[in-house]
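J.: Sequence:
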Amino acid sequence: MIKKLFAVACASLALLSPYSAQADKPKMKHAEPDRPKLVVGMVVDQMCWDYLYRYNARFLPDGGFRRLLDKGFNCHNTRINYLPAVTAIGHATVYTGSVPSIHGIAGNNFYINGKSAYCTEDASVRTVGAPNGESGQMSPRNMLATSITDELRIATNFTSRVVGVAIKDRGAILPAGHDATAAYWFDDASGNFISSTYYMNELPRWAEAFNKRRLAEKYLRDGWRPMYALRSYTNSTPDANAYEGAWGDVPATLPLDTRKLMERDGLGVIRTTPMGNDLTLDMAKAAIEGERLGMRRDSTDFLAVSLSSTDYIGHRYATFSVEIEDTYLRLDKSLGEFFSYLDRQYGEDGYLFFITADHAAAHNQIFTSDHKLPGRRWNTTVAKQQIDSVTRAVTGLGESLLLGIRNYEVYFDEAKIDELGVDRAKLYPAVARTLEKQAGVAYAITAREVNNAGVPEEIRVRVLNGFNRHRSGAIFVVLHPGWSSGRSDKLSTGTDHSVWAPYDTHIPLIFMGKNVPSGHLYREVYMTDIAPTLAFLLKTQLPSGAIGKPITELLED
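Take any residue in the sequence shown, note its place counting from 1, add 114, and you have its number in our numbering.
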């Protein structure tokens, strides 16, 4: 009897022991979603990945980039996996996890049914926040898939609030998604952040109050002065050079008299200064407070911010300019202040933040020529003439069937081709063969034959992902590395982007904040993986057109 009691007691102790077999089993994760109070997505327009390291030694100890690099999860090898690499597609892809073939944003501008279309144009809506005009006739209706911001709204039974803010309309509208609370973008004529009747019939009081502060005028009156002595900008070419585009009779050097430019050219000048980023972050803070984002009980809200000025500055000054270096040093300081603001509002672990880019940028071609690097101009004027010549020879017609060359794609008048009974199987390959004979053209690939084209897999996949049969051209032109398109052979100032090469498609991607470990990842991931990763972090469904995969290394505990 004593032995039996002893055995029962031992068994009971074993059940209670923390070292029992039951305790050794892994604990199930809590089923209820552990979402942050606020998600902040930031797209830095035209940010090259290497800027994180080219300017690293000059980043402030309490600056934003230092904090991201020290505390964030850094996906070093993030690439764009479609063509062309432009702003509208980048923003749509980041937030849908999809590609132009599916989400339908085939460029900043493209053709729909033979008519030129802008990515967010919508004639059915009206401008809100400024006198009537086309600047507010915008919506996300051209985007054919849901965004991660839409999926957050759905997952929370539409209680989450989603706001998009950018100087560019497309930088605010596409990330905010279809069912956003609001999107706001900058109107050059009025100096206001505006919206459209797609979202609201009038601006909320907080937005009107923000516009009344006239911050764009204030920033431009103060001018653009370098943060440090010009001689310290040793990561850049000397400020006066042939690579940068002057402002008419005003040279492209610092300090820049933006007050004079504002008086001559208007408030839109702020787009091409680092103060445009500060203005955007000011508006972002105003939106947080005005909409009480992340401040309501049991709420997860989303703020989508795009910093557009980096793109305008890059296009004018190029990648090795003092102005670009100064812009990123200023942005480092501004991001540090923005993170401190978010810390005060939500606590360091109360919000989720990610930063990426919509595309990167090529070096200026005069710069590359000076340094004996490959690359020149592909002359699109000559290309159009030759396309017309080939078209007449193949069809026997005396009229042009060419709509234009856009996004490194050749667009034909498809309706007229049908009407005239032109054989596409003869026309398109003939045009492609002619294009491939031109200087700078590596491949000219007809969209219908891309699967059989003798091109590297990396390029073939990007062409397939970029081809939307209702909105893309019939022929994709792939240039040699370092080459870009232009209306003449003359090399121009500033920079551009769009092609498949790493300088246009290698972008930064860093996550930081709630439920995100610090770490580094060097395997290749894609822009399409951002939205699926957010979906798993936020416990939402994947966006409706997503083809990307979650970055599992970031999700592992």
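These aren't lab readings, by the way, just hints derived from the structure by calculation. Any given hint could be a false lead.
Here are the in silico distance ranges between beta carbons for each label pair [stated by the list, open to error]:
hint	residue 1	residue 2	range
1	Thr666	Pro369	46 to 56 Å
2	Leu487	Ala360	33 to 43 Å
3	Ala171	Ile226	43 to 53 Å
4	Lys486	Tyr636	45 to 55 Å
5	Glu667	Pro616	30 to 40 Å
6	Asp164	Lys374	31 to 41 Å
7	Ala303	Asn566	45 to 55 Å
8	Ala539	Leu344	23 to 33 Å
9	Ala553	Pro369	32 to 42 Å
Predicted model, so just to flag it, every value in this text is computed and none were measured. For every residue, glycine included, the Cβ atom is placed at its ideal position computed from N, Cα and C.
J.: Decide, hint by hint, whether the structure agrees.
T.: Results for each hint:
For threonine 666 paired with proline 369, a C-beta distance near 48 Å keeps the hint of 46 to 56 Å intact. The hinted range of 33 to 43 Å is not satisfied by leucine 487 and alanine 360, whose Cβ atoms lie roughly 24 Å apart. A hinted range of 43 to 53 Å for the beta carbons of alanine 171 and isoleucine 226 is consistent with their spacing of about 48 Å. Between lysine 486 and tyrosine 636 the beta carbons are some 31 Å apart, a value that contradicts the proposed interval 45 to 55 Å.
Look at glutamate 667 against proline 616: about 22 Å separates their beta carbons, and that is not inside 30 to 40 Å. The hinted window of 31 to 41 Å between aspartate 164 and lysine 374 holds, with their beta carbons roughly 34 Å apart. At roughly 50 Å, the beta carbons of alanine 303 and asparagine 566 sit within the given window of 45 to 55 Å. In this structure, alanine 539 and leucine 344 break the distance hint of 23 to 33 Å, their C-beta atoms being roughly 59 Å apart.
For alanine 553 and proline 369, the Cβ-Cβ distance of about 41 Å falls inside the hinted range of 32 to 42 Å, so the restraint holds.
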